[in-house]
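**Q** Chain by chain, the residues:
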Amino acid sequence: MSPKHSRLVQLAILIAIIGMAPLLVPSNYYLRVMTLIYVFGLAAVGLNLLMGFAGQVSLGHAGFIGIGAYSVALGSVHWGLTGLTSAVLGAVASAAIAAMVGRPILRLKGHYLAVATLGFGFLIALLITNEAGLTGGPDGIAVPRPVVFGWRLRTVEQWYWISGVVLVAGVFIAQNLVASSTGRALRAIHDSEVAAQAIGVDVARQKLKVFVISAVYASLAGSLLAFCNGLVTPESTAGFLKSVELVTMVVLGGLGSVFGSVLGAAVLVLLPQVLTVFHDYEHLMLGLLMVLCIVMLPRGVVPSLARKLARTGT
Amino acid sequence: EQPIKIGAVLSVTGPASFLGEPQKRTIEMLTQQVNAGGGIGGRKIELVVYDDGGDANAARTFASRLIDEDKVVAMVGGSTTGTTMAMLPAFEEAEIPFMSMAGALQVVQPVRKWVFKTPQTDTMACEKIFEDIKARGFSSIAVVFGTDGFGRSMRDQCVSVAPKYNIRIVHEESFGPKDSDMTPQLTNVRGKKDVQAIVVPGIGQTPAILARNYRQLGMTLPLYVSHGVASREFIDLSAGGAEGARLPVPALLVGSSLASSDPQRAPVLAYTQAYEKAANQPVSAFGGFMHDGFQMVVEAIRRSGSSEPARIRDALEATKGFVGVNGIYSMTARDHMGLDLTGFRMVEIKNGNWSPIVAGN
Amino acid sequence: MTADLLQYASSGVTIGAVYALVALGFTLIYNSTHVANFAQGDFAMLGAMTTVFAVAGGLPTFPTAILGTMVAGVAGLLLYRLAIDPARSSPVLGLIVLTIGASIFAKGVAQLVFDKRFHSLPSWFDARPIELFGATIQTQSLVVLAGTIVIVAALATFTTRTLLGKGILAVSQNSLAATLMGMNVGSVVTLAFVVSAAIGGLAGIMAAPITLTSYDAGTILSLKGFAAAMLGGMGNPVGAVAGGIVLGVVEAFGGGLISSGYKDAFAFLIILIVLAARPQGLFGSVARERV
Amino acid sequence: MLDVAGLSSRYGRVEVLHDVSITVSRGHIFALIGANGAGKTTLLRAISGVQPVTAGRITFKERSLNGVKASTRVKMGLSQSPEGRQVFAGLSVEDNLRLGAWTRSKADSDRGVQAAYQMFPILHEKKGLPAGSLSGGQQQMLAISRALMSQPDMLLLDEPSMGLSPLLIDQVFEAVCSLRDRGLTVVLVEQNANLALSIADQACVMETGRIVLTGSGSALQADPRVRELYLGE
Amino acid sequence: MSSMLDVLSISIAFGGVKAVSDVSISVAAGAVFSIIGPNGAGKTTLFNIISGVYIPQDGSIRLNGKDVTGMRSDALAREGLSRTFQNLQVFMQMTAVENVMVGRHMHERSRTISQLFSLPGAVRENRTSRERSRELLEFVGLGSYADRSAAAMPYGALKKLELARALATEPRMILLDEPAAGCNPAETVEVEKLVRKIAGSGVTVVLVEHDMKLVMRISDRIHVLDGGRTICEGTASEVQRNERVIAAYLGDHGRREAANA
Ligand SMILES: Nc1ncnc2c1ncn2[C@@H]1O[C@H](COP(=O)(O)OP(=O)(O)OP(=O)(O)O)[C@@H](O)[C@H]1O
Ligand SMILES: Nc1ncnc2c1ncn2[C@@H]1O[C@H](COP(=O)(O)OP(=O)(O)OP(=O)(O)O)[C@@H](O)[C@H]1O
Ligand SMILES: [Mg+2]
Ligand SMILES: [Mg+2]
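Residue numbers (this note's numbering), protein chains in the order written: chain A, 1 to 314; chain B, 1 to 361; chain C, 1 to 291; chain D, 1 to 233; chain E, 1 to 261.
Any given hint could be a false lead.
[As the list claims (entries may be wrong)] Simulated DEER-style distance windows between Cβ atoms:
(1) C:A277 <-> E:E243: 46 to 54 Å
(2) A:L305 <-> E:R127: 28 to 36 Å
(3) A:K308 <-> D:T208: 26 to 34 Å
Treat the hints as calculated values from the structure; they're not laboratory data. All figures in this text were calculated on a predicted structure; none of them were measured in a lab. Every residue, glycine too, gets a C-beta built ideally from N, C-alpha and C.
Construct the entire structure; sequences and hints are all you get.
**A** Here's what the structure looks like:
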């Protein structure tokens with residue numbers, strides 16, 4: 001299968017799943033779970049562009065989810081903006097902030113970048129938590145249901161379809177980016193910055209570009225999350241554990257596999273739901289599964305399985 | 001007979017596990033008790049408990065699950081204000097009664113048709129503390145609050161009721177829920193000459209570190225902590241630092257010293273005994289919240305003779321003079337908490353134990 | 001005012017020393033595998049919790065401290081042998097996620113084996129706090145500080161003076177070459193994990209009288225330890241200690257003088273500022289790859 | 001000394017060594033030449049035990065090496081200077097050398113370091129600097145010296161002349177000869193075929209994973225096919 | 001002939017070690033200019049300075065008459081300078097053809113937006129890049145490797161891959177650091193043909209190489225460094241007769257090789 005072919009197949013599978021799921025699992029609960037998968041899948045796809053392709057770690061990406069989430073909350077509560085406007089403004093703000101912090105911190109390498117992004121995420125979360133007058137503090141703030149073209153969007157179903165469509169768009173765009181000249185430049189940077197630079201790739205600019213793009217993905221995911229939850233809290237959007245969850249989604253699904261990130265998101269959203277049967281052993285199982293996953297599929301689900309298939313296949 | 005399904009979403013793990021953990025043990029123990037006694041009108045209770053880990057997003061998903069999949073008729077829990085607020089809309093929409101264990105006033109004010117709660121509000125705790133401060137003749141205090149939901153909310157309430165008691169808050173400090181050292185904050189307070197007492201709105205074990213540091217710094221200002229630390233662990237962990245600290249606690253914590261005429265004495269002793277046997281650890285106020293909430297729901301089901309959510313709700317709202325371990329509840333259409341200040345007892349920690357304060361001392 | 005400043009300093013140094021010890025463990029594992037081990041704080045938790053429960057079970061403090069250290073060391077051994085080593089073909093980020101999984105697993109085990117409550121240990125020496133120019137210094141702080149100094153000195157000597165210590169660096173830099181030199185890469189790295197975990201455990205045990213411990217106390221320690229190690233310059237034991245102390249002191253002064261709510265923010269701001277000026281951390285060397 | 005029989009090896013699904021057999025006699029220089037990608041490096045890796053083999057057996061000093069760990073092979077007297085130098089970039093030159101003597105005593109290590117400094121004085125000059133800062137050729141000298149640190153009975157050299165200046169190539173080849181004269185056995189993989197064959201006692205040519213020619217060094221040097229394909233004449 | 005590259009008395013030191021001191025060279029456009037010298041003479045460092053990897057502590061560099069001192073290497077690439085590396089810097093996780101396509105990056109004009117949505121312009125450009133890159137792989141003799149992962153290619157092939165990648169930038173000048181390292185004499189002849197073709201197409205070639213046969217046959221001028229300093233410059237025959245060069249660098253063997261070239 002040519003790369004282009006396999007991209008289209010993946011996209012088609014995704015569309016089919018999104019289209020069929022409501023028929024197979026009609027309850028609001030399942031729809032909500034699927035919606036969460038799409039929302040986090042979107043953020044994970046964005047983060048994968050940064051981590052899996054450009055090889056730049058971010059341990060603070062939930063910060064951008066927080067910005068997206070709180071911009072729709074604050075936009076409608078404090079500034080009387082419509083939901084759509086505030087989501088767009090949130091994305092713009094995320095892009096601007098990413099461009100600003102990205103310039104200095106993307107010069108850092110490996111674990112140094114990890115700690116810098118970790119710090120960035122912490123700062124955002126602290127800001128949201130401490131500026132309680134504006135943000136409602138740790139208990140969070142309610143997000144009014146947005147009205148779009150005269151429709152009040154409130155049902156789980158509506159948000160299901162909206163997130164599904166946004167995810168498909170996000171995956172499509174990410175796939176295109178990866179296959180484009182920018183995508184190649186990013187992968188080249190991953191392998192050797194000196195060489196990439198020596199053959200004319202503006203390394204700093206490309207890194208910044210993908211950082212901004214991934215921030216926009218996260219921000220949009222944050223806005224969607226805020227809308228479908230109706231409430232945002234610092235921990236459930238910008239917290240460090242959310243950043244870790246995002247990284248885990250990307251890694252489990254497979255660094256450098258767009259489709260894998262959606263799968264990774266599915267795994268991490270579904271696991272807590274499935275693991276409830278273990279009661280007190282939930283954490284133990286979650287940790288164990290994460291470890292086993294990496295041990296058995298060291299490159300993440302999609303790439304590792306693809307490799308195994310290629311090996312056993314003809 | 002079909003069992004009656006009751007749901008709970010609790011923060012059994014994560015930063016608020018000190019709330020959710022005793023609540024889970026309590027609700028499991030009480031369910032067993034009810035079922036052992038033949039259930040409600042011959043129907044057993046089937047309990048569905050989920051752990052949200054303190055994450056509002058997870059809580060919201062489990063709420064959907066309880067409603068759509070498990071089809072519970074009533075919901076008890078929501079250990080924190082954050083998780084409760086996230087779940088509220090779902091239960092309002094599904095029209096299922098929701099008995100929350102969250103502290104903040106905003107859960108029941110404005111009154112939401114389907115939502116109730118058991119803990120006293122932070123405002124009440126502030127009032128209780130300020131009453132005592134005023135009685136001792138102090139008027140300017142420092143507030144050192146936790147930056148978690150509980151601490152921040154109680155701090156806000158204290159700030160707003162302080163004028164009522166002619167109390168000035170002359171200095172404020174805060175600490176994070178994961179902080180392991182509060183010496184700098186206390187040092188600052190120590191440096192302020194006009195501070196006559198310190199009030200610590202904070203929950204969990206972090207205030208215990210504060211109490212230790214307080215002691216290590218050799219500070220002697222009167223120290224007030226909140227009902228958010230009302231468990232034995234606080235005293236133990238503070239390693240003597242909490243000696244002399246005062247706080248409002250529910251009757252539950254001063255069980256053995258309750259007068260025999262006190263109506264709460266019987267339920268308090270019963271719960272304490274059962275819990276300490278079942279869980280092998282001392283009772284805490286948080287488990288007590290669950291005790292009262294769950295019992296009220298069971299009562300409501302019993303009284304309404306139905307497992308219709310709407311009937312249960314109506315019965316809950318009609319709760320009158322329910323004697324719990326946390327207070328005596330009388331719900332109305334305008335009050336979905338139904339407690340007054342009498343539920344709180346002011347205690348001082350003496351010789352490593354809660355010791356009731358005789359009024360005016 | 002001077003008393004206040006001194007108080008901030010003493011409190012900052014104490015907490016900083018705890019961060020430093022966790023950072024030291026980080027450094028050792030990083031040096032042997034280039035893995036940032038986010039379960040490092042959980043070694044501290046395991047050490048402390050084991051000791052707490054053994055002490056509660058009636059055992060005397062010092063022998064149990066050794067027991068706690070050993071339990072942590074065994075956890076390190078298992079982590080490497082059962083997880084890190086089998087997954088060695090995974091990219092670095094995969095290994096980070098793996099250690100996070102291991103950390104969650106450790107918490108899951110701890111909450112079952114021990115409990116979910118907070119615990120404390122008595123101070124090692126039952127002496128009154130020391131008064132110094134109006135500031136109060138806990139005796140346990142001195143224990144932590146002394147422990148840190150001893151461990152960093154030992155570790156620095158080990159890595160810079162002994163062939164085995166250099167072997168640990170060598171296997172991470174080029175495990176193929178290390179193998180061709182006749183090193184048994186597996187054993188060398190196992191050793192690094194065990195020592196690192198034991199240091200972590202000891203850190204937890206020494207700090208527990210000051211900071212309390214509970215099944216989930218590891219996460220924040222891992223984070224701060226990681227941050228400290230990076231601030232100091234990854235891979236350098238002296239840097240790890242410096243990073244830890246700076247972090248603790250910045251937190252104490254920032255919290256005391258400016259705003260306690262933004263205490264962690266100051267810590268991370270300092271890290272960002274330092275890294276902007278010195279991308280290799282305070283004591284790190286510029287590892288410029290030759291082309 | 002070394003006997004390789006019917007050896008096969010693969011990367012993933014691709015087999016790159018097919019039924020390779022060579023015999024290296026004690027105290028000889030054995031030259032292995034072949035085009036890019038012929039499998040020379042793979043063969044050396046297999047002998048050192050860092051490349052899995054799928055068939056065949058390797059015997060060293062009358063002992064089978066099958067299932068013997070790479071680190072044990074070093075203790076048995078087998079040492080390799082690998083392709084691409086593979087120095088420990090962050091460690092000092094001297095530390096690199098001393099790690100080469102991992103299996104040896106401190107006294108042996110001291111002696112080895114002195115010998116290395118004598119052979120390549122530049123290493124002495126740079127002994128405290130990180131090996132990664134050395135120039136390509138300097139790193140090559142370090143890699144060769146490091147391989148000698150374990151005082152092997154048999155030395156595997158993978159393109160030792162790569163990146164060395166002509167003067168140094170002379171020097172290295174002289175050194176190899178004198179090591180042989182002191183009883184060391186050397187397997188020499190070289191692109192500098194002329195030179196390699198001129199000092200080799202035995203030699204073979206490898207093509208796409210197979211041995212296609214064997215003989216004495218001078219015989220191969222005279223072989224018209226070798227002259228055309230590998231000596232560029 | 002006008003001069004393509006002028007290096008004016010540049011110096012650089014690393015913690016006291018003077019890797020390059022006061023070196024000046026001038027390379028005529030279209031020439032093949034070689035730099036030789038013992039190991040550690042500073043050849044690679046000189047390349048690193050010219051290509052913007054290091055910034056010289058002293059001196060200046062002119063490329064085609066323009067002062068480019070301290071310019072970053074991507075900007076230099078846009079000025080028409082490209083290079084290969086002594087320590088391979090191949091993009092190991094990409095296929096051979098993708099490696100070369102990255103070299104086309106700076107010539108690709110489509111906007112990010114158009115790439116994100118896979119608009120026709122971007123698609124077309126992508127196709128052209130791929131075709132051009134395949135041609136280049138054929139040119140260096142790696143046609144059969146095009147879709148192979150770089151990680152699975154032998155050393156010698158990787159050296160050529162770097163060459164193809166450097167050519168993909170359509171340079172006016174190319175710096176080759178030991179292109180024949182790891183090649184046997186027969187393969188070196190291939191490299192020589194390749195370099196001749198490149199030079200023949202008008203690209204200025206600066207070469208660092210220890211294979212004296214290759215250097216002597218192909219170079220228009222040879223510059224000899226030792227210990228970071230220039231010891232002489234001249235044509236092949238001038239250089240191989242220079243006593244200092246023989247003593248410091250060529251030795252017996254090298255002199256024979258050089259003479260036979
Ligand atoms: N890691 C790898 N994965 C897959 N194939 C590989 C790998 N390394 C080498 N190969 C393949 O194995 C074959 C033999 O390679 P090897 O490196 O042994 O050749 P060589 O004779 O040493 O070549 P050179 O002279 O270029 O060093 C080549 O076809 C190469 O493409
Ligand atoms: N980053 C650095 N840090 C320290 N020393 C360096 C650095 N780069 C180069 N050197 C030193 O500068 C000198 C010149 O090195 P360079 O790599 O330029 O040599 P070269 O002429 O290319 O040698 P070779 O032919 O071996 O490749 C060497 O002594 C080297 O150790
Ligand atoms: Mg080879
Ligand atoms: Mg060089």
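**Q** Each hint should be assessed against the structure and marked as holding or not.
**A** Structure-based check of each hint:
{"no.": "1", "hint": "C:A277 <-> E:E243: 46 to 54 Å", "in the structure": "50 Å, holds"}
{"no.": "2", "hint": "A:L305 <-> E:R127: 28 to 36 Å", "in the structure": "30 Å, holds"}
{"no.": "3", "hint": "A:K308 <-> D:T208: 26 to 34 Å", "in the structure": "28 Å, holds"}
Hint check: no violations occur; every hint is consistent with the structure.
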